[in-house]
Every structure is written in structure tokens, then in C-alpha cells.
Amino acid sequence: MATKTHNPTDDIISNATRYRRETGEGFYDTVLESIYAEAASIAGRAVRQREDEPAYTLDRTIDRIVTSRIFGFPIMIALLAVVFWITIVGSNVPSDFLYLILVETLHPAINQFAANIGMPWWMSGLLVDGAYLSVAWVVSVMLPPMAIFFPLFTLLEDFGYLPRVAFNMDSLFRKAGAHGKQALTMSMGFGCNAAGVISTRIIDSPRERIIAILTNNFSLCNGRWPMLIIVATIFIGSLVPGHLAGLVSAMAVVGVAILGIGLSILISWFLSQTILRGEASSFSLELPPYRPPRILRTLYTSLIDRTIFVMWRAILFALPAGVVIWLVSNVTVGEASIADHMIGWLDPFGLFIGLNGIILLAFVVAIPANEIVIPTILMLIVATLGLHELGAGSGVMFELDSVSATASIFHAGGWTLLTAVNMMLFSLIHNPCSTTLYTIYKESGSVKWTTLAAIIPLGLGLFVCFFVAQIWRLLA
Amino acid sequence: MSRFDYLVALAGNPNTGKSTVFNNLTGLKQHTGNWPGKTVTRAEGGFSYQQKRFKMVDLPGTYSLLSTSTDEEIARDFLLFGKPDVSVVVVDATHLERNLNLLLQILEITGRVVVCLNLIDEAERHHLEIDDRQLSRDLGVPVVPTAARQKKGMDELIRHIHDVATGSYICKPYRLKQVTTQATHAIDSLTKQISEQFPDLPNARWIALRLLEGDQQIIEAIRSGSLGNLREIDNSMEAERFTS
Chain A
-7 MATKTHNPTD
3 DIISNATRYR
13 RETGEGFYDT
23 VLESIYAEAA
33 SIAGRAVRQR
43 EDEPAYTLDR
53 TIDRIVTSRI
63 FGFPIMIALL
73 AVVFWITIVG
83 SNVPSDFLYL
93 ILVETLHPAI
103 NQFAANIGMP
113 WWMSGLLVDG
123 AYLSVAWVVS
133 VMLPPMAIFF
143 PLFTLLEDFG
153 YLPRVAFNMD
163 SLFRKAGAHG
173 KQALTMSMGF
183 GCNAAGVIST
193 RIIDSPRERI
203 IAILTNNFSL
213 CNGRWPMLII
223 VATIFIGSLV
233 PGHLAGLVSA
243 MAVVGVAILG
253 IGLSILISWF
263 LSQTILRGEA
273 SSFSLELPPY
283 RPPRILRTLY
293 TSLIDRTIFV
303 MWRAILFALP
313 AGVVIWLVSN
323 VTVGEASIAD
333 HMIGWLDPFG
343 LFIGLNGIIL
353 LAFVVAIPAN
363 EIVIPTILML
373 IVATLGLHEL
383 GAGSGVMFEL
393 DSVSATASIF
403 HAGGWTLLTA
413 VNMMLFSLIH
423 NPCSTTLYTI
433 YKESGSVKWT
443 TLAAIIPLGL
453 GLFVCFFVAQ
463 IWRLLA
Chain B
423 MSRFDYLVAL
433 AGNPNTGKST
443 VFNNLTGLKQ
453 HTGNWPGKTV
463 TRAEGGFSYQ
473 QKRFKMVDLP
483 GTYSLLSTST
493 DEEIARDFLL
503 FGKPDVSVVV
513 VDATHLERNL
523 NLLLQILEIT
533 GRVVVCLNLI
543 DEAERHHLEI
553 DDRQLSRDLG
563 VPVVPTAARQ
573 KKGMDELIRH
583 IHDVATGSYI
593 CKPYRLKQVT
603 TQATHAIDSL
613 TKQISEQFPD
623 LPNARWIALR
633 LLEGDQQIIE
643 AIRSGSLGNL
653 REIDNSMEAE
663 RFTS
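Same order as they appear, the protein sequences are chains A and B.
Heads up, the first sequence is in our numbering, so the first residue is -7 and it goes up one at a time.
Heads up, the second sequence is in our numbering, so the first residue is 423 and it goes up one at a time.
This is chain A alone, in the form it adopts within the complex (with noise of 0.2 Å):
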């Protein structure tokens, strides 16, 4: 390579700011101009509107109902809530049916099993005890509410009533001084944190994305989903009459995430008055026509994109998860277990916030996946107690239905309506899954942010844990 005395790419330079200073600065305005302009004429010769019936009725109608000022909000809470009591009664019988063949009946089967061709007690421990019953609990909880609820979920946004969520929310969002595309990130979000934070790149002010990425977090996502739903049908659901039941556990639900839209408008504005403080950059949003979904199509890619996908992860992080949990419950370190040692060493903070140690270890135990805290809390519950063996013929009695078993289980560990309620909220409002944490360091590029990602909602939600366990014992 020859070096030169002069640089040519200087010359460009000073070339293009020459012609600059001849075609005039408004060179960029007359690309806009000639792009808009040529397109409109390209367009009016290509396109012809029958005159004889006018276009988008049928969506404008429609549009104008959901995104009225007066129907909006309320037909958003009435499709929510009509879509986790679908979840809510139609998981029943699908959790009861895998329940009783996973846990009851194969459970204590392959332990008989295992004894019988001689394997050491501790090897059955770990893969029976461990490994197998937490994989076991999080197919037969886990899965029927994620095969019912994700479906729906994927029927309205196949719909197009998504963006209008998004639209009915816009100016919360900017009077928070959040971008209005924050709605459709949170919505993204109610998906998937990570694929919601990933989504924040439509944003283009820095300011207004890193609002979006820390508060997507209160979009309540696939891995919390099922625990609200499990908590408030036992919890909830049961404080009414039957036939009542499902609507309240719905309604509950509802609540939470009503609560999670309304923490993420909040704390965006707190946000933007205090550490990222600036003006909401305005943008224009697009709704898209509503579109007949495709039923067959839809239930197929969110079998495999979410129910499957979801439900993988959960399996991945349940196995080694119900190894670790075994292991802490049954190596003793002088008196007691390990994990006696970790929840009696939480219980007394737990307890005074509302929750228990075994919520707050789960809690941590399940930070590379939401979706593994409800077995883990089932586990932990069951191997501190010493109920080792479930079903026919050990000493504790279990119910024959999977809402009940649980229940009783949940019972069994000191747990009251105070303890499910804050649980609830603090599913809503906790640390990131590191899946979304690393998203975030990624797309962030900042130890700061992703710390603060972690914090806010950590410290917040062990808060309001405290305010309401104060509040409760003082009404009690």
C-alpha cells in the first residue's frame, strides 16, 4: 500500500460540501418532497378505488368501539378476563388427568421400581425424587394452563387487537414521558420479556428505549402466566362459591396485570422526572386491518413457537433444578438439611414481608426461569416436610384432584390467603429471568442499566410485599 501525501477521502468531503453550498441546504428536504410526491403519483396510476362502497367500514366500526375513550379500557379488562377463565376452567381436567398419572400413579411406581432392581436409595433420591418429580409437576401444573391460555393469547394478536391495546395506552405512556411505542414493547412483553426488551429497537430516542427496557419488566410474561393462575384459582377462586370460582380467579389475574400496566407507567414516569428526564418524541402508529385469524394455523405455531417452546425450558431448568433441590434437602450439615439451614435462615425475613423462605429461595432458584417456581415451591415444601412419598400408601393423605393436591401441599407449608396474595404480586414484580437480564446488558451494552433493570422491580416489589403484610395484620 502506497502511502500519499494527500487524502482522497478528504476530497469527497470537501467535494460534497462544495455541491452542498450549489444545490442548497435543502437538499434532504427535496429527497422527502420527490419521494412523497413521485410515490403518490406512481400510486394514483396504479390504483383505482371502485366508487360503488366505500372502504373499511366494517374495520372502522369496529376501531372505534375498541379504541373509544369510553369502551376502550373496559372491553380490554372483559377480553382478558374472559380468556383466563377459559384457561382457568379448561385446565382442570387436563391437570388433573396428568396428575394423577404423573405424581400418583408413575411416581410411586418407578420408585417400586427402582427399589426393586436394587438402586441406592440416594441414586433414587436424586433421579426419582429429584429429577423426575420436579419434570413431572411441571408438566401436569404447568402445561394444560399454557396449552389453553397461549392459543387465545395468539388468536387476538392474529386478530389485530394487540396494536389497539397499544393505541388505548399511547397517551398514558407519553404523559409519562415514555415513548408511545412503549405500548407495543409492553405488549410484546406479555409474551416474552427478552423478545420484549429485543422489540424496544423500534424506539429511537436512547432515552425513551431504556425506559421501555427497564419497565418491560412488569409485563407479566409466558413464565408467570401459569403461577398467577394456579395461585389465584387455589388461593382465590376458593374464598367464593363454585360456580363463581373461575370468574374470580380470572378476575384476580386480570388484576395483577392491570396492576403490571399500571407499575410500568409509573415507573417510566418516574423514571423520566428523575434519571432519564426529557420530552416524549412523538411518532405515528399504525393500526393494522383486522385480519379473519386462521384458527388451525394459529393453534399450530403457538403450540410449537410457545406452549412447546415454554414448556422445553421449563423441563430444562426443572431436571437439574429437582437434582440441586434433592441434594440441599436431604446432605445434612450438622442437625439439619441444607435447604433447612437456607429457608430457616429466610423464613424469618420471608415471613415478616409476607412470604416464607422456601418462596424466596424459589424465587432464586428459578432466576434462569420463571416458569420453574411453582415446582420448585412444591418441591422444597414436600422434601423439608418429609412427605417423601406422594400418593397411595404413604402416611399423608393427598387429594385425588390436582387443584386440591396442590392446595393441600401449599397448606402443608404454612401458606394463608396473605401469603398467596403477596406471592402473587411478587411474581409480578421481581428481578428479570437472566434470559432477559443478559438481553437486556446486550442491547443496552451497560452494567448500569441492567443492574438498575434488576433492582428496581426487586426492591419495589419486596416493598410492597412489606406495606401490604403490614397493612393486612393491621385490618387481621
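Heads up, some of the hints might be wrong.
Taking beta-carbon pairs under 10 Å as the criterion, some of the chain B residues facing chain A (in silico) [said to hold, decoys possible]:
1. A545
2. K574
3. E578
4. D585
5. E635
6. R645
Over the 10 Å line for every Cβ pair with chain A, so calculated as not near, a few chain B residues [what the hints assert, rightly or not]:
7. F426
8. K474
9. P624
10. A630
Bear in mind the hints are in silico, worked out from the structure with no lab data behind them.
Yeah, the Cβ is synthetic: ideal placement off N, Cα and C, and Gly gets one too.
For chain A, the structure is supplied; the task is to place chain B on it using the hints.
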């Protein structure tokens, strides 16, 4: 699909059914949604036609290539430096004018374009008649009416991708008229200069336009010499080609 003959970029406005077209052509099952901004990253897949292998890259949906958000940059950089042999631009037939804004910008970057005039069934439902031949004459590139959700027009689309890739269809891409008349000399002279300095750049004319607009990012890229390196980002896949 690791080795391929032709590289195909898939671009378009958000929510025009790009991902559906992508799934139809590649047989993949990427999640689609009635949702602007579904695809913010780059998805890749492939298909074969007449013993030729095509690698297809699904770009994020954007309204323009002029702004600075990350999704628009991903799309723009790939069209500029990824050297696609064909760029398929998916266009929403029910909002043709707005979609043409992006298409005209893409035509300034690359002439080897096939327009996929999608959602033609919806246009019909809304009583819109679209003269695709007139459109194709005006734009100087093939225009294929499709209804991707019903898998209509896909064979036709693949045939045109093949024809443009192999050069049996020669595109005469539309250039912005007003821009050309006002600054022909400046554009030509700068284009020449840029091609001499950066011989590997396939779109010197577009860079010249940006310089005339005073785009600081591009000026900086030229000054630091990183313009030549920018294309490295997307050139990793060059190595997979059978022949160049």
C-alpha cells in the same frame, strides 16, 4: 442451508406479511403476527428453484431507511453492504402509496428488486383495484400480486426472484426524478469519486445522495475510512457462496 447460489433480501413496511412470505418460501415456521414490528432481528432461511439454491434473509419491517433507529439500520446496512442478488420488497396493496415511499428509497440503493404486491385479497375486500402491470412499467422491476396468507402467487414470486437473480430479467429501476434533475452533475461526479475510492461498494450513488443531504453518519464513515469496513458486517456470509 449452508451453501447457496444467490442471496435474497426480504424487506418491506411493518405488518405487510413479510414473515408470512418468508415462511411460505423457506418452509420455516417463524412466528407471525398481525403486529407491526414483529421481526426486529434478522431471520435466515433458504429454498431451491431450478437447481439453484437461494438463501433468504428476512429484514425488520421499516417505514423508511432515513431514520436512525436500530431496526432501520439493520435493514439499511444489509441492503447496502450485504450484497443481496435480489431484494424482494413486500408491499401492502391496501396502502400502496405509503409503501412506495420505502420502495423508492430501496430502488435508490439497489436496482435488483422484485415487488411482492401482498394482501391483494384484502385490497379486493376493500374494493381497491390495482393495476400491477402499470406499476411494474413505472417502477421498472417485476411486480407480483400475492396473498401470502392463502399461499397465492408464491410460485410466480419465486420465478421472478430466479429471473432477476440470473439476469434473465433486466431491471430498469425507477430513480427519483426531481432529485435527478436538480443535482445530476453533483450526484454523478460524487458517485464516480466514491466508486474510485471504495471500489467494493455496490451503491456509490446512494452514498453520494446521503453526502449531498449532509448525513453526518456517512460523512464520518468516509472520513474515518470505515465505510469500506462497514460492509464486513454483513459479508460473513459471502464465504458460503458456491461461486462469486
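Outcome of the hint check:
1. A545: holds (8 Å)
2. K574: violated (14 Å)
3. E578: Violated: closest Cβ of chain A sits about 18 Å from B/E578, beyond 10 Å.
4. D585: violated (21 Å)
5. E635: holds (4 Å)
6. R645: B/R645 check passes; min Cβ-Cβ to chain A is 6 Å, inside 10 Å.
7. F426: holds (26 Å)
8. K474: holds (29 Å)
9. P624: With a cut-off of 10 Å, B/P624 remains clear of chain A, as the shortest Cβ separation is near 17 Å.
10. A630: violated (8 Å)
Hint violations for this structure: numbers 2, 3, 4, 10, all remaining hints satisfied.
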